[in-house]
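With the sequences and hints as input, model every part of the structure.
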Amino acid sequence: MDTLELLRINLLSPAVLAFALGIVATLVKSDLKIPDALYTTLSIYLLLSIGLKGGAALATTPFAEVWKPALATLALSIITPLLSYTTLRRLGRFDVVNAAAIAAHYGSVSAVTFIAATTFMQAARQPVEGFLPTLVAILEVPAIVIALLIARRSLGGGSLGEAVREIFAGKSVLLLVGGSVMGFLSGPEGLKQVAAVFVDPFRGVLVLFLLELGMIAAKRLRDLRSVGGFLIGFGIAMPLVQGSLGVWLGSLAGMSVGGAMVLGTMAASASYIAAPAAVRIALPQANPSYYLTASLGITFPFNLTLGIPIYYAISRWLHGGS
Numbered sequence: 458m459d460t461l462e463l464l465r466i467n468l469l470s471p472a473v474l475a476f477a478l479g480i481v482a483t484l485v486k487s488d489l490k491i492p493d494a495l496y497t498t499l500s501i502y503l504l505l506s507i508g509l510k511g512g513a514a515l516a517t518t519p520f521a522e523v524w525k526p527a528l529a530t531l532a533l534s535i536i537t538p539l540l541s542y543t544t545l546r547r548l549g550r551f552d553v554v555n556a557a558a559i560a561a562h563y564g565s566v567s568a569v570t571f572i573a574a575t576t577f578m579q580a581a582r583q584p585v586e587g588f589l590p591t592l593v594a595i596l597e598v599p600a601i602v603i604a605l606l607i608a609r610r611s612l613g614g615g616s617l618g619e620a621v622r623e624i625f626a627g628k629s630v631l632l633l634v635g636g637s638v639m640g641f642l643s644g645p646e647g648l649k650q651v652a653a654v655f656v657d658p659f660r661g662v663l664v665l666f667l668l669e670l671g672m673i674a675a676k677r678l679r680d681l682r683s684v685g686g687f688l689i690g691f692g693i694a695m696p697l698v699q700g701s702l703g704v705w706l707g708s709l710a711g712m713s714v715g716g717a718m719v720l721g722t723m724a725a726s727a728s729y730i731a732a733p734a735a736v737r738i739a740l741p742q743a744n745p746s747y748y749l750t751a752s753l754g755i756t757f758p759f760n761l762t763l764g765i766p767i768y769y770a771i772s773r774w775l776h777g778g779s
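First residue of the sequence shown: 458, per my numbering; consecutive thereafter.
Quick list of in silico lysine-lysine cross-link-like pairs, DSS-like style, CA-CA up to 27 Å: (1) Lys-649 to Lys-628; (2) Lys-490 to Lys-676; (3) Lys-676 to Lys-628.
Think of the hints as simulated: they come from the structure by calculation, not from any bench. Everything numeric in this text was worked out from a predicted model, so none of it was measured.
And the structure:
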């Protein structure tokens, strides 16, 4: 398939269409609403499911195949928050607090964007490494901590310890790491026992989750006027830079076309679950309109619709067009 055909497939996939439906529902002021309890349940399901599948795949993967991608992911978790922070401070003229808060989001990873990327690879019939969910957990935490440390060094004070505890105790990291451990210990045979719940219905649950995210993102779109033109450009340009870097490092680490593309998508994504919780504690003076609108209102829709096919095209090019 060429890039335009893959773009069409992505834009017309049930997950992306559900996201668009959620946006439309909010814009026309529909009374459509997914109950908060169900939304929480769906997020728990998705996070635990990707952890279980990643852990089961990791159980059968030789260490020699994992350590280079893991090292590349760790490098990304250090580079991306520093790159975002420097760009926001020097080019965007943001203050330390808001630059660090936004950098924490763009250094971390969106688990839902990761899921969308792996689903896209399945549609493109491109295999990906089974241990990729483990890399999500590696990328999730260090970047947030680094961004918060930058702010703490510049400003002093702030409850860094409480913020770090919030990161590790928060549901996203807890479920990803805990699910990975469960999947690793039980192995593929254990995963088969719960496949009817955690594997087969996965895509359907993702559609429901993205329907709700579309409604949430549409509400953030109303804040675009307040965040300014620079942050809008940042929300599109920074994912392209970080995504290209992620694909390149993944390729250097020996990952497949699909695996490098997914790693690039992870680097291009912006957290809106773990990072907001940590920033709320460590940097309460940061403006949520900046970091939430940028991550959920700009970068997430961009990656979901256009970014993922672009990172795939870059990965194919780096792998010699395979």
